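J.: Going by our numbering, the first residue of the sequence shown is number 3, and it counts up by one from there.
Be a bit skeptical, because a hint or two may be false.
In silico lysine-lysine, DSSO-like type, Cα no more than 27 Å apart, as pairs [unchecked claim]:
hint	residue 1	residue 2
1	Lys48	Lys82
2	Lys82	Lys92
3	Lys43	Lys82
4	Lys79	Lys43
5	Lys92	Lys34
6	Lys92	Lys23
7	Lys34	Lys23
8	Lys43	Lys92
9	Lys92	Lys48
10	Lys43	Lys23
11	Lys79	Lys34
12	Lys82	Lys34
13	Lys79	Lys23
14	Lys79	Lys48
15	Lys79	Lys92
16	Lys82	Lys23
17	Lys23	Lys48
18	Lys34	Lys48
Keep in mind the hints are simulated off the structure, nothing from the lab.
Computed from a prediction, not measured in an experiment: that's the story for all the values here.
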Amino acid sequence: MSNQTLASLEPIVGGWSEFQKLTVEDLLVFNKALEGYVGVKYTPTKVAIQIVAGTNYRFRCTASVPPYDDAYESVVKIIKPLEGDPYVVKITRI
Numbered sequence: 003m004s005n006q007t008l009a010s011l012e013p014i015v016g017g018w019s020e021f022q023k024l025t026v027e028d029l030l031v032f033n034k035a036l037e038g039y040v041g042v043k044y045t046p047t048k049v050a051i052q053i054v055a056g057t058n059y060r061f062r063c064t065a066s067v068p069p070y071d072d073a074y075e076s077v078v079k080i081i082k083p084l085e086g087d088p089y090v091v092k093i094t095r096i
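Turn these sequences into a full structure, and let the hints steer you where they fit.
T.: This is the structure in structure tokens:
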């Protein structure tokens with residue numbers, strides 16, 4: 003690998019990461035933030051992260067309304083503050 007390639011993999015302070023595979027911690031944040039949401043089922047497939055005063059998440063999801071099989075893509079934006087529980091700030095159908 004060249005230095006340029008390594009540098010492009012390092013996070014930019016305040017910048018968003020590329021969408022990547024979910025970790026166990028990411029899933030815990032997602033599930034906690036969507037606790038109590040009913041109607042649409044969101045299944046996260048990838049996540050992008052921004053670390054600022056807390057952590058911001060953009061979860062790429064497959065969404066569906068049970069019992070129907072029709073699915074669509076969406077982005078669920080979640081904030082995890084330094085103190086307190088994560089919460090949903092926006093859900094966008096893409």
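J.: Does each hint hold? Answer for all of them.
T.: Do the hints match the structure? See the list:
1. A C-alpha spacing of about 17 Å is found between Lys48 and Lys82, which places the hinted pair at or below 27 Å, so the restraint holds.
2. A threshold of 27 Å between alpha carbons decides the hint, and for Lys82 with Lys92 the separation of about 13 Å falls inside it, so the pair holds.
3. Proximity of Lys43 to Lys82 is assessed by CA-CA distance (about 21 Å); at most 27 Å being required, the pair is judged to hold.
4. Restraint check: the Cα-Cα separation between Lys79 and Lys43 comes to about 15 Å, which is no more than 27 Å; the hinted pair holds.
5. The suggested pairing of Lys92 with Lys34 holds, with an alpha-carbon distance near 15 Å, which does not exceed 27 Å.
6. About 21 Å separates the Cα atoms of Lys92 and Lys23, which keeps this hinted pair within 27 Å; it holds.
7. A hinted pair counts as satisfied when its Cα atoms are at most 27 Å apart, and Lys34 with Lys23 qualifies at roughly 18 Å.
8. Between the alpha carbons of Lys43 and Lys92 the distance comes to roughly 15 Å, so the proposed pair stays at or under 27 Å and holds.
9. Between Lys92 and Lys48, the direct Cα distance comes to roughly 16 Å. Compliance with the 27 Å bound is thereby established for this hinted pair.
10. Pair hint Lys43 plus Lys23 holds up; C-alpha atoms about 19 Å apart against a cutoff of 27 Å.
11. Between Lys79 and Lys34 the CA atoms are separated by roughly 13 Å; this keeps the pair inside 27 Å, and the hint holds.
12. For the suggested pair Lys82 and Lys34, the alpha carbons sit about 10 Å apart, so the restraint of at most 27 Å is met.
13. Pair hint Lys79 plus Lys23 holds up; C-alpha atoms about 16 Å apart against a cutoff of 27 Å.
14. Proximity of Lys79 to Lys48 is assessed by CA-CA distance (about 12 Å); at most 27 Å being required, the pair is judged to hold.
15. Among the hinted pairs, Lys79 with Lys92 is consistent with the structure: their alpha-carbon atoms are about 5 Å apart, no more than 27 Å.
16. A hinted pair counts as satisfied when its Cα atoms are at most 27 Å apart, and Lys82 with Lys23 qualifies at roughly 18 Å.
17. For the suggested pair Lys23 and Lys48, the alpha carbons sit about 5 Å apart, so the restraint of at most 27 Å is met.
18. The straight-line distance between the Cα atoms of Lys34 and Lys48 is roughly 17 Å, inside the 27 Å bound, and the hint therefore holds.
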